[in-house]
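Full structure from sequences and hints, please.
Chains A and B are the protein sequences, given in the same order. 37 is the number of the first residue of the first sequence in the working numbering; add one for each residue after it. 37 is the number of the first residue of the second sequence in the working numbering; add one for each residue after it.
Quick caveat, the hints were computed from the structure, so don't treat them as lab data. These numbers come from a predicted model, not from an experiment.
Not close to chain A: a few residues of chain B, all C-beta gaps over 10 Å, as computed:
#1 184
#2 235
#3 652
With a cut-off of at most 30 Å between alpha-carbon atoms, the simulated DSBU-like pairs for lysine-lysine come out as follows:
#4 A:627 - B:190
#5 B:362 - A:342
#6 A:662 - A:556
#7 B:355 - A:362
#8 A:362 - B:342
#9 A:615 - B:360
#10 B:56 - B:69
#11 A:360 - B:355
#12 A:293 - B:360
Quick list of the computed label-pair ranges, beta carbon to beta carbon:
#13 A:170 - B:561: 25 to 35 Å
#14 B:223 - A:422: 30 to 40 Å
#15 A:168 - B:467: 47 to 57 Å
#16 B:213 - A:59: 48 to 58 Å
#17 B:304 - A:99: 54 to 64 Å
#18 A:422 - B:315: 54 to 64 Å
#19 B:213 - A:429: 21 to 31 Å
#20 A:422 - B:189: 29 to 39 Å
For every residue, glycine included, the Cβ atom is placed at its ideal position computed from N, Cα and C.
Protein chains: 2
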Amino acid sequence: MGDIMNDVKVVFEPYGKRVKASVGELVFSIAEKAGVAIRSECGGRGVCGKCKVIILDQNAISKLSDIEMNHLTSSEIISGYRLACQTRVLKNVVVAVPPESIMQPPKLMILGFERDVKLSPVVRKLHLLLPEPTLSDIRPDFERLLESAQERFKDFGGLDIDYDVLKMLPEILRRSHWDITLVMWDRRIIGVEPGDTSDRIFGLALDIGTSKIVGHLVDLKSGRTIAVASIENPQAVYGEDIITRITHASKGDANLKELQRLAVDGINKVLHEVCENSGVDPFNVYEVMIVGNTAMHHFFFGIQPKYVAQSPYVPALRKAVSVKAKDLGVDAYPCGIVTSLPIVAGFVGADAVADVIATGMHELSENSILIDIGTNTEVFVGNRDYLLCCSCASGPAFEGAHIKHGMRAVTGAIEKVHIDNNFDVKYETIGGVKPLGVCGSAVIDVIAEMFKHGIIDANGRINSQIESPRIRASNEGLEFVIAWKDETATGREITVTQKDIREFQLAKAAIYSACSILMKKRGLSEEKIDFLFIAGAFGNYINPENAKVIGLIPDVTSEKIRFVGNTAVAGAKMALISKEMRNAAEQLVEKIRYHELAADPNFNQEFINALNIPHRFIGRFPSIRKHLKSFR
Amino acid sequence: MGDIMNDVKVVFEPYGKRVKASVGELVFSIAEKAGVAIRSECGGRGVCGKCKVIILDQNAISKLSDIEMNHLTSSEIISGYRLACQTRVLKNVVVAVPPESIMQPPKLMILGFERDVKLSPVVRKLHLLLPEPTLSDIRPDFERLLESAQERFKDFGGLDIDYDVLKMLPEILRRSHWDITLVMWDRRIIGVEPGDTSDRIFGLALDIGTSKIVGHLVDLKSGRTIAVASIENPQAVYGEDIITRITHASKGDANLKELQRLAVDGINKVLHEVCENSGVDPFNVYEVMIVGNTAMHHFFFGIQPKYVAQSPYVPALRKAVSVKAKDLGVDAYPCGIVTSLPIVAGFVGADAVADVIATGMHELSENSILIDIGTNTEVFVGNRDYLLCCSCASGPAFEGAHIKHGMRAVTGAIEKVHIDNNFDVKYETIGGVKPLGVCGSAVIDVIAEMFKHGIIDANGRINSQIESPRIRASNEGLEFVIAWKDETATGREITVTQKDIREFQLAKAAIYSACSILMKKRGLSEEKIDFLFIAGAFGNYINPENAKVIGLIPDVTSEKIRFVGNTAVAGAKMALISKEMRNAAEQLVEKIRYHELAADPNFNQEFINALNIPHRFIGRFPSIRKHLKSFR
Ligand code: FES
Ligand code: FES
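Here it is, written out as C-alpha cells:
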C-alpha cells in the first residue's frame with residue numbers, strides 16, 4: 037500500500053514512454069529501467085556532464101545541485117536543463133531528452149574488412165542412420181554412435197561426448213528411430229538431433245567493444261554472413277570508459293558478476309536480433325566466437341579485470357577460452373561453445389589479434405603496420421616471420437570524448453571538414469542531418485586544415501592574430517567555430533577549442549611514437565613498409581593526407597594505406613569459419629613479441645618530439661613539406 | 037489454520053520419535069519423512085509384506101484391508117500387526133516397529149579383497165612458488181603457472197584449466213603472494229590453492245549398490261583407506277528391487293531426477309561420514325570413483341535406465357563417465373571429478389568390472405572363474421589373454437528375499453547351519469544375537485545339510501517320511517524348522533519351506549549353467565581352473581563344500597576357491613589410486629567378450645539339468661559322491 041502512495045509517473049519525451057517510479061528516485065535510474073538510453077561517460081557519477089535532460093516543472097524535482105551548476109551554463113539552467121544523474125523526481129513529471137543526450141546506435145562499418153578463407157569450421161554435423169540394437173548386437177548407444185560415425189570418417193574415433201547430451205542419448209536415439217544428426221565441436225559431441233538437420237548449422241562472430249557489441253550471424257555451411265546487428269554495450273550504465281567499469285568491478289564479486297551479466301545480456305540481444313532477422317533458431321547457433329579487448333574479455337568470462345589495469349598489466353591468460361553456452365548464460369544452443377580468440381597482453385586483446393588475422397599481415401612476406409586506434413591504440417609491425425606489437429594510451433579523443441563538442445561516429449556527427457582560404461568551413465555529417473558534434477575523423481581534418489591555413493602553428497597554438505569571426509575567445513581560451521548556432525541540431529555552436537587541440541596532440545603523439553619505436557626496433561624505414569592498415573571507430577574513414585599532415589601516422593605513400601574498419605569482427609568471423617585461422621591466432625600469440633612502451637627508455641623523448649605538428653623533426657614527413665610552405 | 041486442525045501426532049517406538057502428520061497419511065510415508073527406516077522390498081506397494089508394524093489403538097487408524105489380511109496371520113492381526121504401507125493415521129497414535137521390520141545397517145565386508153597396486157592417482161598436487169610479474173616479465177597468470185609447473189615436470193605442458201578455477205586465478209595468485217599448490221586431474225588444472233597444501237589430497241571410492249552404498253575414503257599420498265562408511269541406498273523408498281525403481285524412473289523425467297537425487301544424497305551422506313570420522317575436509321576430496329551395476333550407474337548419472345531392463349538390454353555407453361562434482365551435486369571439492377569405471381553390458385556393470393580388477397584375474401596367465409552372486413549374477417571366465425563373461429538372473433534368494441524367513445546378511449541373520457544325524461540343528465547368527473531369519477549362506481548350508489541327511493532328494497523334494505518334529509506341514513506345504521519359537525527374537529519359528537528350496541534351486545541352476553556354458557566356450561574343464569573367486573553379499577562366507585554339494589559352483593578343489601567379499605569397492609579403490617588400473621579397466625571392456633545367455637541355444641537344457649541337486653549328471657561333481665552314498 038505504502039509503495040503505491042509513493043509512486044509517481046514519469047514520461048520520457050520525445051519517446052512518449054510512461055513509467056512508474058518511486059519518489060526520490062534518480063531520473064538517470066528511471067530512464068535506465070525504462071530502456072531510455074541517456075548519454076553518459078561517467079556512469080552517472082556527475083563527472084561527465086553528458087546526461088542533460090530538460091524538465092520544465094522544477095517543482096516536481098529535487099533542487100539544482102552544485103555539481104549541476106558546474107556543468108550547466110546559465111542559459112541552459114534557465115531553459116530547464118538538468119543532469120539526469122543528479123535529479124530526483126518528487127511528483128509526476130515530464131522529462132525531455134534533448135538530441136545531444138540521446139544515446140544513438142552508432143553507424144558502424146559492421147561488415148569490416150574481410151579476406152577469403154578456406155571453410156573449415158570447428159562445428160560440424162553428420163547425418164547418420166544407426167543399426168538398431170538386437171540380442172546379437174548389444175553395443176551400447178554411445179559406442180554404436182561412435183562406430184557408425186567412424187565408418188564415415190576415420191578421424192571420428194575416440195570422440196568425447198558432452199555429459200548433458202549423454203544423459204539424453206538413449207531417449208533421443210529411440211525417439212528418432214536411430215535416424216540422427218551428430219553435432220560436433222572439435223572432437224566433442226555436443227548434440228544429437230533427431231532426423232537430418234545437417235543443413236542448419238550457424239555460428240555467431242562477436243566483437244564486444246567497450247562502447248558497442250557487434251555480431252555477425254554466419255552460415256557455417258557457406259561461411260557467409262547472413263545477418264548483422266549492433267547494440268550499445270549495456271555495461272555503459274557503469275561508465276562509458278573502461279576504467280570506470282574496472283574500478284566498479286574491482287569493488288566486489290557482485291559488481292563483477294553484474295558487469296558480466298550485462299555483457300551476456302548484450303550478446304543475447306545481438307543474438308536474438310540476428311536470429312529474428314534471418315529466421316534462424318538460436319538453438320542452431322552452435323558456436324559463438326568472441327573478441328574484445330582484454331578487459332572486456334575478462335568481464336565477459338567473469339574474470340577479475342583489475343590487474344589488467346594495474347602495472348604490470350598482466351591478463352589472466354593468453355590462450356583461447358572455451359566455455360559451454362549454458363554455463364555463461366548465452367542463449368545459443370545450450371551445449372554449444374562460446375570461445376574467444378587468444379590475447380597478447382593486458383593492452384593487446386583478442387580484438388587486436390582478430391585485427392591481425394583479418395588483415396592477414398601475419399601471412400605476408402611484405403612488411404606491414406597495423407594501427408588500431410581507440411582509447412587504447414595497438415600497433416603491430418612486421419611480417420609472416422616476425423611480429424612486434426605494442427600498445428599506447430591515446431585517450432578517447434578519437435572516439436569523441438574529452439573533446440568539447442566531440443561525439444562518436446553516429447548520425448549527426450560531422451565526419452569531414454574542409455577549410456577554404458577565407459577560413460570558411462564546409463563539412464559533412466553522418467546521415468546528412470544537422471550536426472550534433474564532431475567525430476574523430478572530423479577533428480583530424482579540422483586540425484590539419486587549420487595547420488595548412490596557418491590558423492595553428494607547429495605547436496598547435498591558435499593564432500589569435502587571424503581576423504575571422506570563427507576564431508574567438510571563450511572562457512576556456514581560444515576556439516574555432518565549425519558550425520554556427522543556426523546550422524546545428526542543438527541550437528548551439530560547434531567549435532574546436534585550444535584544449536581540444538592539445539588533447540589531440542597528446543593522442544597523435546602517442547600513436548606516432550608507438551609506430552616509430554616499433555619500426556626502429558625492426559630497422560624499418562617508411563619506404564620498407566608495404567601496407568599500413570588503419571582500424572578503429574573514429575569514423576568511416578580518415579583522410580590519409582590529413583592524418584599525415586598532423587603527424588598521426590608515419591609518412592608512407594597514400595596508396596599503401598588501407599582503412600579496414602571494424603576488423604575485429606571480421607577476424608572473429610574468420611576464426612569462426614576456419615580452424616586454421618584459429619590455430620594461426622594461437623601460434624601468433626605464442627610468437628609475437630610484445631614491447632612494453634612503459635619500460636622503453638626512448639619513449640618519452642619520442643613522444644615529446646611527436647607533439648609538434650607534424651613532428652619536431654620535419655624530415656620525417658617529407659611529403660607534407662608543401663603545406664609547411666603555405667604556412668610560412 | 038486448517039492444516040493445524042488436521043494434524044495428528046505419531047510416535048514411533050522403540051525410537052521415541054515424535055512427528056506431526058496429516059490425517060489420512062500412510063504410516064509408511066510418515067516413517068520415511070521421520071527418518072524411521074521400515075523394511076520394504078516393494079517400495080510400499082503392498083506386495084512384499086515386510087513393512088509390519090504394531091499399532092494397539094485400532095481406532096486411531098484406518099480399517100484392516102484385504103491386502104493386509106493376505107499378508108498377516110490371524111495371530112498377528114490379534115496382536116495389532118499391520119502393514120505400514122496400507123495403514124492410514126486418523127488420530128494421535130503410537131506405532132511400534134518390531135525387530136523384524138527394522139531396516140538395519142547391514143554388516144558388510146566393506147574392506148573386501150584388496151591387492152597391492154602401484155600408487156599413481158589421477159589427481160596430483162604440486163606446490164609452486166611463482167615469480168611475480170614485472171614490467172619486464174608480463175606473462176599472463178595462466179601461462180606463468182604453466183611454465184613454472186613445466187620447469188618441475190616436463191609432462192605439464194599444454195595443461196587445460198577448469199573454467200571456474202580460471203575465473204578465480206588472478207585473485208588467488210595475488211592473495212597467496214604467488215605461493216600456491218596446483219591441483220590436477222589428469223591433464224586438467226582443477227584447483228589452485230594458497231600455500232602448500234600438497235599433504236592434503238584425498239579420494240573417495242564408492243560402490244553404489246542396489247541396497248547399500250559403501251564408501252572408502254582414501255589418502256591419495258599413501259593409497260591407504262583411512263575411513264569407511266556404508267548406508268542403505270536411499271532409493272529403497274522407491275522399492276528394494278531395481279526393477280521397481282527402473283519402472284518408476286521410466287514414468288517421467290521428474291522421477292528419474294528424484295532417483296538421481298536420492299543416490300547423490302546417499303553418496304553425500306557417506307562422504308560426510310567418512311570425512312567426519314577422519315577429520316578430512318570434504319573440499320580436499322578431489323576425486324570420487326564410483327562403481328555400481330549398470331542401472332545404478334545410469335540412475336546416478338541421470339541417464340534413463342529403462343532400456344537396460346528391456347531386451348536387448350543396451351546401456352547408454354561403455355566407456356567411463358567423468359563429471360564435475362558440482363554439476364552432479366556431490367559435496368566433494370566442487371571442481372573435483374566424479375568418475376565411474378566403464379561397464380560391459382546392461383547386466384555387467386562397473387561393479388563387475390571392479391570385481392575383475394580387484395581379483396586381478398585379467399592379469400593372470402592362469403585361468404580363473406569369478407562369480408559375483410546377487411539378484412543378477414555375473415560370471416567371468418578366462419585369463420590375461422582372453423576373457424568371457426555373461427550374466428544371469430539368479431533372483432534375490434541369496435540376499436534373503438523371496439524366502440519365507442529370508443533376510444540380508446545383517447545382525448540377527450543365521451549365517452551358518454549344521455544338521456546332525458538326529459536332525460538336530462546347530463546355527464550361528466551374525467552378531468551372536470537371537471535369530472531373526474536366515475541369510476544366503478545359511479540357506480546354502482541348510483539345503484546341503486538336508487541333502488546330505490536325506491531330508492531332501494536330488495529333486496529337492498522334502499521327504500515327508502522322515503520322523504522329526506522339524507519336518508512338518510504348513511499351509512504352504514512341507515517345511516523344515518531351523519529355530520524354534522523360544523529361540524528366536526521374533527517369537528516365531530524360523531523355517532525353510534519347500535517353496536524356499538524351489539526358489540534356491542532356480543537360482544543355483546542359473547549360476548551353475550552360466551559357469552558351465554562359459555567354461556565350455558573356452559574349452560576349460562574343472563581341472564584347468566586355477567582360481568574360483570566368489571563375490572557377493574550373501575553373508576560373510578559360503579561353506580565351499582556345501583556350495584558344491586548343492587551344485588551352485590563347478591566342482592573345483594576347495595583350495596582354489598577364494599571368497600573375496602565386496603570386491604566392487606576394492607576395485608573402485610584400486611582404480612582411484614592407480615591410473616594404470618583405470619586404463620586396464622578401459623582395455624578390459626574393449627576386449628572382453630560378453631556372451632548373451634538369452635540368445636544361447638544350449639542354455640535352457642543346461643539350466644534344466646542343473647536344477648537337480650547337485651546336477652542331473654552326477655559325474656560333474658565327483659568330489660561329493662561320498663554324500664550321495666550316505667543318502668542311498
Ligand atoms: S554527469 Fe550525469 S552521467 Fe555523467
Ligand atoms: S507390503 Fe508394505 S512395503 Fe511391501
